[in-house]
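Assembling the complex is the task here: the two chains are given apart, and the hints tell you how they should meet.
Quick note, the sequences are listed as chains A and B, same order.
Take 1 as the starting number for the first sequence in the working numbering and just add one per residue.
Take 1 as the starting number for the second sequence in the working numbering and just add one per residue.
Bear in mind the hints are in silico, worked out from the structure with no lab data behind them.
Accuracy of the hints is not assured; some may be wrong.
In silico lysine-lysine, DSS-like type, Cα no more than 27 Å apart, as pairs [what the hints assert, rightly or not]:
hint, chain 1, residue 1, chain 2, residue 2
1, A, Lys158, B, Lys312
2, A, Lys122, A, Lys71
3, A, Lys23, A, Lys109
4, B, Lys2, A, Lys51
5, B, Lys35, A, Lys153
6, A, Lys162, B, Lys279
7, A, Lys162, B, Lys306
8, A, Lys162, B, Lys3
9, A, Lys162, B, Lys80
10, B, Lys80, A, Lys46
11, A, Lys162, B, Lys303
12, A, Lys156, B, Lys16
13, B, Lys290, A, Lys162
14, B, Lys16, A, Lys153
15, A, Lys162, B, Lys283
16, A, Lys162, B, Lys16
17, A, Lys54, B, Lys16
18, A, Lys156, B, Lys283
19, B, Lys312, A, Lys119
20, A, Lys153, B, Lys303
21, B, Lys306, A, Lys158
22, A, Lys153, B, Lys117
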Amino acid sequence: MISDSEKQLRIIGTQINYYFICKTKLWLFSHHIQMEQESDLVSLGKLLHSKSYKDEKEYTIDNLISIDFIKKRDYLELHEVKKSNKMKKSHEYQLLYYTYYLKNKKGIKNIKGILNYPKIRKKATINLDKSKEKDLMDIIEDIGNIINNETPKPQKIKICRKCAYFEFCWV
Amino acid sequence: MKKNYYLMSDGLLKRKENTVYFVNKDVKKPIPINKIYAIYAYGSLTFSSQAIHLLAKEGIAVHFFNYYGYYDGSFYPREKLLSGDLIIKQAEHYLDHEKRIFIAKKFVEGAAKNMDKVLKYYSLENHISSILNDLDGCNKITEVMNVEGRIRADYYQKMNQILPEDFEFEKRVKRPPENMVNALISFGNSLLYSTVLSEIYNTQLNPTISYLHEPSQRRFSLALDLSEIFKPILVDRLIFYLVNKKMINADDFEKDLNYCLLNDKGRKTFIKQYDERLKKTIKHRELNRKVSYKRLIRLESYKLIKHLLGTKEYKPFVMWW
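Next up, chain B with everything else stripped away, as it sits in the complex (with noise of 0.2 Å):
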């Protein structure tokens, strides 16, 4: 079984024949090409040009995050699995408006969904459905975006009544985030997306072609628009996890003046319990068949690829229960 392997210490990535190591002054870690599914880098990373050529035949992504804890860019190796029939329906499906607002509006009906799902799970009445409603309207990406936020404001206002008096927080603020929650979502959500993107390298879709997000030149935006349908059930629902039965608490961040974020035993506590969710399985109502959170991921995947082939329609994946 292939896994997931975070490094949270610097360190040296050196390749010995068919196996790569992690060496740094504590540790020579042995970690069998075979075994790795992708690699999450904290700490700073030195490795070998081999090393790379291993991970690049293998089509192992690895994933750089800053000091802060934020996503920096992916080793995203060539792509392997290329379909050109697919790249052009993916195209055509952003390029036709019609096509391109009925995706983006799946992506907030599947993200809103979730959200009312993680709400009633703690039985909060929230304006979620209500506010869902709007979208049929909607005839622009704007618009679309617009009840996104407004969704996700209702969300994040109904979120203090689930977390301690302590964990409070007044509304979402990125880069830097302000406060514990704020310093969670932002480390949680880019940790998702570099999970999103490894599933994505794995099948034929082209990441930069996106439909919610504005398909841009830094951001991989796919992975950013499959991101939103698993932020509630990945994220958040770690974040209450963590917070509640006091996994995480203050000794776990490092406080500024104006900023908030995870100090490195607060990250390995994260990282660890996010994973163990990621292998976490569920059995599958369609596939009668046990699947992982992560597989949820490629499955989801699969859904918008038999959309643009016109297979099936693509619904999101709304958890039930």
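One chain only, chain A, in its complex shape (with noise of 0.2 Å):
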């Protein structure tokens, strides 16, 4: 058996990610509705990342959530790689939730994240403090509900036309 607070943390960092950018997309993915195959954006993502840090390597933990690649300092530098920095809110939260998965599940105190966007050249540095463990709390038992429940309504944002889910969502 697997305490609530476990099943709790079965959460991906993709979904932290959907979890900013559609609530529908969101529980598609989370049912394993996936389309992501098929879209250039995120095979453009991939091949930025696979040309930009030709030498770094991706860590998959537990099954769970995937860094795309680690500094080893006196610290722990965690890095994401982005294309844009359109959504950064949802990459904010999405690396801050490695941070809390490793250091409440692992143990590891001293961690710093940085988002790398290669294609504008910038960095931005993520620190998870007292209140952005709270908001991940809160989001995590948001994403539970949210999944559990009926398939959410899409709602047309700006994005939708980008999306791989645009014409099953609006079809």
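See below:
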């Protein structure tokens, strides 16, 4: 048996990311109705990752969180590579979640997160503090509620037309 | 842009690095892997396991047709898109009689309305919509099938008025087709079946759980269900076009005492035009975006998924032109 808190933590970074973008996408993705394999933007993202940081290797932990690459200093530096900084909040919380996970599940205290935007040559540093940690706990609970309910009705937003689920949602 | 490859002659399919080659005594044709959507093999095909490994990795189906142009089977690669939740919903809608018959009727309704559109295009009056009214009273799948059969009988009878004299036919005869029109319908339908199957493969739907046709062990019967809606649009209209434009004539058939089949030349013409149609686009009303006919089949799968998930009730695709 796994405890409730354990169950809550069976959440992957993509879900945190989608939580900020679209609840319908979050629900469908979480129920394995996945469409990303056909998205040119997703392939572009993967390509960007493999070209920009050739020597770095991706880490998958507990089959749950995939960190683009890690640098070991006197603290642990988690890196996430993104295409553009338009969805900053979703990127930020995705990376905060990795930090949160490593801190609470693996007992690693000294962690710093860095968002890399190689295309625009920018970086952003992310730190997990008390209030962000509280946010994450709420988000995780909220994600659980969303995916255990009916499919949320899609809402038309600006990014719909670029989304891999566009046809699915609006047909 | 990925495309369908139709291999009409005998040959060998082999792999060299990340390219698949089709080789025989006349050609050595490279097919870059990321250009292949699906392969349709009409000739006899020998392939190396290395080629199959690569096709499996990329999720590319190979559909095989026999000497007569009939569908034999597919190399259906390991499923990559699986959703346990959706499969359970799919089965639930099969097991619950009310739910099953709802979907089955929708498939018949879609097929019938598209047949009606085809005939209307040629300004032919028909009884399809009045027979379709009988669908409301059906409580059994066999009754639904019966309505569908009556609609088709009416439709096939009207088809003669579109076809030139030498192409007229009495009734639909399969395995083997007795005359030219039956040969064209059989050939087109099995081609469409494979196309639909490839679309289903690229979704989370399980191709063996169907609603109008009985799920059987021998066929991916959900592809049969969805094909019904697209037969009038993609196969029948193509037949009228090819025959009336004299692009296909009696020379394109191989005839024997009790059967009639398309020959190589006829198949090539048919497939070329069929593929052109799949690629043709229309402006989709809901999406306000151009979509190809092939994509319409995928959208139909999405609509079915949404129905099964309870997001939106399924309405079959009906031509609006």
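These are the hints, each one checked on the structure:
Note on lysine 158/A and lysine 312/B: the hinted pairing holds, with a Cα-Cα distance of about 22 Å set against a maximum of 27 Å. The straight-line distance between the Cα atoms of lysine 122/A and lysine 71/A is roughly 18 Å, inside the 27 Å bound, and the hint therefore holds. Between lysine 23/A and lysine 109/A the CA atoms are separated by roughly 31 Å; this puts the pair beyond 27 Å, and the hint is violated. With a C-alpha separation of about 24 Å, the suggested pairing of lysine 2/B with lysine 51/A holds against the 27 Å cut-off.
Of the supplied pair hints, the one linking lysine 35/B and lysine 153/A is violated, its CA atoms being roughly 35 Å apart against a limit of 27 Å. The straight-line distance between the Cα atoms of lysine 162/A and lysine 279/B is roughly 22 Å, inside the 27 Å bound, and the hint therefore holds. Pair hint lysine 162/A plus lysine 306/B holds up; C-alpha atoms about 20 Å apart against a cutoff of 27 Å. For the given pair, lysine 162/A sits about 22 Å from lysine 3/B by alpha-carbon distance, which is consistent with the 27 Å threshold.
For the hint pairing lysine 162/A with lysine 80/B, the CA-to-CA distance comes to about 23 Å; that is within 27 Å, so the pair holds. In summary, the hint linking lysine 80/B to lysine 46/A is supported, as the alpha carbons are separated by about 18 Å, within the 27 Å threshold. Distance restraint check for lysine 162/A and lysine 303/B: the Cα-Cα separation of roughly 20 Å lies within the 27 Å cut-off, and the hinted pair is therefore satisfied. The straight-line distance between the Cα atoms of lysine 156/A and lysine 16/B is roughly 46 Å, outside the 27 Å bound, and the hint therefore fails.
Between the alpha carbons of lysine 290/B and lysine 162/A the distance comes to roughly 14 Å, so the proposed pair stays at or under 27 Å and holds. A distance of roughly 47 Å separates the Cα atoms of lysine 16/B and lysine 153/A; the hinted pair therefore is violated under the 27 Å criterion. Taken as a hint, the lysine 162/A and lysine 283/B pair is honoured in the structure, with Cα atoms around 18 Å apart against an allowance of 27 Å. Proximity of lysine 162/A to lysine 16/B is assessed by CA-CA distance (about 35 Å); at most 27 Å being required, the pair is judged violated.
For a cut-off of 27 Å, the pair hint linking lysine 54/A to lysine 16/B stands: about 25 Å separates their Cα positions. The suggested pairing of lysine 156/A with lysine 283/B holds, with an alpha-carbon distance near 19 Å, which does not exceed 27 Å. Straight-line distance between C-alpha atoms of lysine 312/B and lysine 119/A comes to about 39 Å, which puts the hinted pair past the 27 Å bound. Under the criterion of a C-alpha separation no larger than 27 Å, the hint pairing lysine 153/A with lysine 303/B is consistent with the structure, at around 14 Å.
A hinted pair counts as satisfied when its Cα atoms are at most 27 Å apart, and lysine 306/B with lysine 158/A qualifies at roughly 22 Å. For the given pair, lysine 153/A sits about 32 Å from lysine 117/B by alpha-carbon distance, which is inconsistent with the 27 Å threshold.
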